[in-house]
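Engineer: Chain residues, written in single-letter form:
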Amino acid sequence: MDSFAIKRLLRRPWLSLLTVAIAVMLCAALCYLSGYLDAERARLAQVRDSYDILCVVSDIYGTKTDELGMSRVYSDFILSEENGIGAYIRDPRMIKSFGYRSEFGAGSLVGISSPRCAAALDESMGGGYEAPEGFFGSEKYVCLVPQESYDELAGRVFTFSVTDSAGATPEYAAGNGSGEIEIQVVGWYRGEGTTLYMPYAASQILQMKISGIASTDAASFLVADNAHIEELIKAAAPMLGEVDPTAVAPKGRFGFIIYDEQYRATLAGMEQNIKRLTYLLPLVTLLSLGAGFLVGFLATRGEARTYALMRSIGVTRPQLFFSVLGEQMILPLLAALAVGGAIRQPIFAGVFLLCHAVGCVLATARAVMIAPSAILRERE
Amino acid sequence: MELLKAENVSFSYQNQYQTVHAVKQASCSFEEGKTYAIVGKSGSGKTTLLSLLAGLELPSAGDVFFEGRSTREIDCDAYRRDHAAVIYQSYNLFPLLTAEENVLYPLKLKKIGKAEAKARAHAQLAAVGILPEEYARFPLQLSGGQQQRVAIARALAAGNKIVLADEPTGNLDVESGEQVVEILIRLAHEGGCAVIIITHDPDIAAQMDEVFTMRDGVLDCGSK
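Order-wise, the sequence lines are chains G and Z. Per our numbering, the very first residue in the first sequence carries number 1; after that it's consecutive. Per our numbering, the very first residue in the second sequence carries number 1; after that it's consecutive.
Bound conformation, chain G alone:
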């Protein structure tokens, strides 16, 4: 590109401004949209990977999720990776409740497998606790008491008269469903009340001791891999059937409810967004090409005489082509460099520039094809 081309360019300020405006607008749109598309895709992947889809075990009609009296066969099926659905789930939350009476009062003794089983312990729900490491997997008779009582009870061992929850004790239980045990206070949970929390595994041992069986009152878990919910449903089918409120002759006793509506709605919204962007990007790319042609067309329109003159002075056709093309591309190039640099999308700034160049090439090729003698001949 020679100095005369730059001079010509600077002496057409309106066309130059229009060229810059179009280039900045389209390049920015392309860079922004592509960046937005990348971000949406990353967000979608993140949602797919990290969204917590809660599944709650219920009776087969889906009407009851606690006091299920679910035998050990079921809890083992939920937790086992080899013979159950353990490989498809994460963060299982198993609960077993007892009634208790002790020297400091009466209340509920609840075996839990995770702090998220109880709102009072769950930090995400405003709860909190302090417990020795490994508390929730422990098989020892230990418990957490309300924070307000902890200073007084800390470390002490109490004798509890424990009764298996009446509604949850199956009729085929071997024991009488009650007994005395000693439990040590090892920690606290935020709040007040009479409920005590003990490890789920210990609660299973306790129930075996007083009732001769082990059962679970409530169970829930999160889907391990959100992209494979169908596989979880398939794997669970032998024990945990499909919840059917209208079932007359249900295939099993328990089912599970998947709370994935919000997940699916979020996903659908994002997928819709991505789909729109996927259509929009080629459109903007085409627009860039069109704009290139428009700028090229506007720049070469009415210049036939100038080009013919240049040719008649001895400018070769390739020289003319590259000179005119350079004249048209210098401003979009600067715009693309600036915008691509500012938005940090150099690749899409390059895509814009390429499309713009194709448009300019089409317009320029058309313009420089003129025979230098055509103007002279017209007059003849």
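Derived from the structure by calculation, the hints contain no laboratory data. Where a beta carbon is used, it is the ideal one built from N, C-alpha and C, also for glycine. It is possible that some hints are incorrect.
Said to hold, decoys possible - Straight-line distance between alpha carbons at most 25 Å, and here's what the computed SDA-like set of lysine to any residue pairs gives:
no., chain 1, residue 1, chain 2, residue 2
1, Z, Lys161, Z, Gly192
2, Z, Lys110, Z, Leu58
3, Z, Lys118, Z, Glu134
4, G, Lys7, Z, Ala119
5, Z, Lys108, G, Ile330
6, Z, Lys114, G, Ala5
7, Z, Lys118, G, Ser323
8, Z, Lys111, G, Ile330
9, Z, Lys110, G, Asp2
10, Z, Lys111, G, Ile6
11, G, Lys234, G, Asp59
12, Z, Lys118, G, Phe4
13, G, Lys7, Z, Leu97
14, Z, Lys111, G, Ala5
15, Z, Lys24, Z, Cys221
16, G, Lys7, Z, Ala136
17, Z, Lys108, G, Gly326
18, G, Lys64, G, Phe77
To be verified - Label pairs and their calculated CB-CB ranges:
no., chain 1, residue 1, chain 2, residue 2, range
19, Z, Ala115, G, Leu333, 26 to 36 Å
20, G, Arg11, Z, Gly129, 23 to 33 Å
21, G, Gly302, Z, Ser42, 22 to 32 Å
As the list claims (entries may be wrong) - Below, a sample of chain Z positions facing chain G; criterion: calculated Cβ distance under 8 Å:
no., residue
22, Ser51
23, Ala54
24, Leu56
25, Glu57
26, Asp77
27, Ala78
28, Arg80
29, Val86
30, Phe94
31, Leu97
32, Pro106
33, Lys108
34, Leu109
Starting from the known structure of chain G, arrange chain Z on it as the hints suggest.
Structural biologist: Same frame as chain G, but now just chain Z:
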């Protein structure tokens, strides 16, 4: 010395309605240091002949020879750049370049150094009567006569041996026209160029060393 020669040159082209036989078997030759006029009515083929001589078109039949070589064999772009300059009736200056830049343009094409190009451009502009304060003016800021003189300066600055002028005084007043013709004649007689002028004006033709007449594409080589 013979610089340029047309030998049985014919040229036809297709316009919107028909095939136009613009030049029919024209033969003529042009020597250094002489002026030539090609006269004829509008549509007689004068400008087409000029474009063939300038290497802007190749003949349909016959040949145009520059220093003995056919324009079919030589690089016509280089021929126009280095040897043949064309001056047009409507001046055809680059509208977005100043008078000085218009003259510098062909020198840049010839890759002549900046300082030398500038000196040559100024010398030629001065030779055709353009004042230094007019160098930075754009064509539209100059009168018709000034524009045509800038066009001549552009043709001369490159040092081309052949100057082809297509009705160079057609858009000028009498005084400016006379000045332009005077410059072109001086260019041939003092500068050693072959100057070929297409004109309607019998007074201009009368000042030329040789006059060719075109009628319906046929060139009459009868000298004046």
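Engineer: For every hint, state whether the structure bears it out.
Structural biologist: Results for each hint:
1. Z/Lys161 / Z/Gly192: holds, 7 Å
2. Z/Lys110 / Z/Leu58: Holds, because 23 Å separates the two Cα atoms, which is no more than 25 Å.
3. Z/Lys118 / Z/Glu134: Holds: Z/Lys118 and Z/Glu134 sit about 15 Å apart, inside 25 Å.
4. G/Lys7 / Z/Ala119: holds, 21 Å
5. Z/Lys108 / G/Ile330: holds, 21 Å
6. Z/Lys114 / G/Ala5: Holds: Z/Lys114 and G/Ala5 sit about 16 Å apart, inside 25 Å.
7. Z/Lys118 / G/Ser323: Holds: Z/Lys118 and G/Ser323 sit about 22 Å apart, inside 25 Å.
8. Z/Lys111 / G/Ile330: Roughly 23 Å separates the two Cα atoms, so the pair holds.
9. Z/Lys110 / G/Asp2: holds, 13 Å
10. Z/Lys111 / G/Ile6: Answer holds: Z/Lys111 to G/Ile6 is near 18 Å, not above 25 Å.
11. G/Lys234 / G/Asp59: holds, 18 Å
12. Z/Lys118 / G/Phe4: Given pair Z/Lys118, G/Phe4 holds - Cα atoms ~14 Å apart, limit 25 Å.
13. G/Lys7 / Z/Leu97: Within the cut-off at roughly 7 Å; holds.
14. Z/Lys111 / G/Ala5: Holds, at roughly 16 Å.
15. Z/Lys24 / Z/Cys221: holds, 13 Å
16. G/Lys7 / Z/Ala136: Within the cut-off at roughly 13 Å; holds.
17. Z/Lys108 / G/Gly326: Judged against 25 Å, a Cα distance of about 17 Å means the pair holds.
18. G/Lys64 / G/Phe77: Holds, because 20 Å separates the two Cα atoms, which is no more than 25 Å.
19. Z/Ala115 / G/Leu333: 26 to 36 Å: Hint holds: Cβ distance 31 Å, inside 26 to 36 Å.
20. G/Arg11 / Z/Gly129: 23 to 33 Å: Holds: the Cβ-Cβ distance is about 26 Å, inside 23 to 33 Å.
21. G/Gly302 / Z/Ser42: 22 to 32 Å: holds, 25 Å
22. Ser51: holds, 4 Å
23. Ala54: Constraint on Z/Ala54 satisfied, holds at 7 Å.
24. Leu56: holds, 4 Å
25. Glu57: holds, 5 Å
26. Asp77: holds, 5 Å
27. Ala78: holds, 7 Å
28. Arg80: Check passed: Cβ of Z/Arg80 comes within 4 Å of chain G, closer than 8 Å.
29. Val86: holds, 5 Å
30. Phe94: holds, 6 Å
31. Leu97: holds, 6 Å
32. Pro106: holds, 5 Å
33. Lys108: Cβ of Z/Lys108 sits 7 Å from chain G, so the hint holds.
34. Leu109: Since chain G brings a Cβ to about 6 Å from Z/Leu109, closer than 8 Å, the hint holds.
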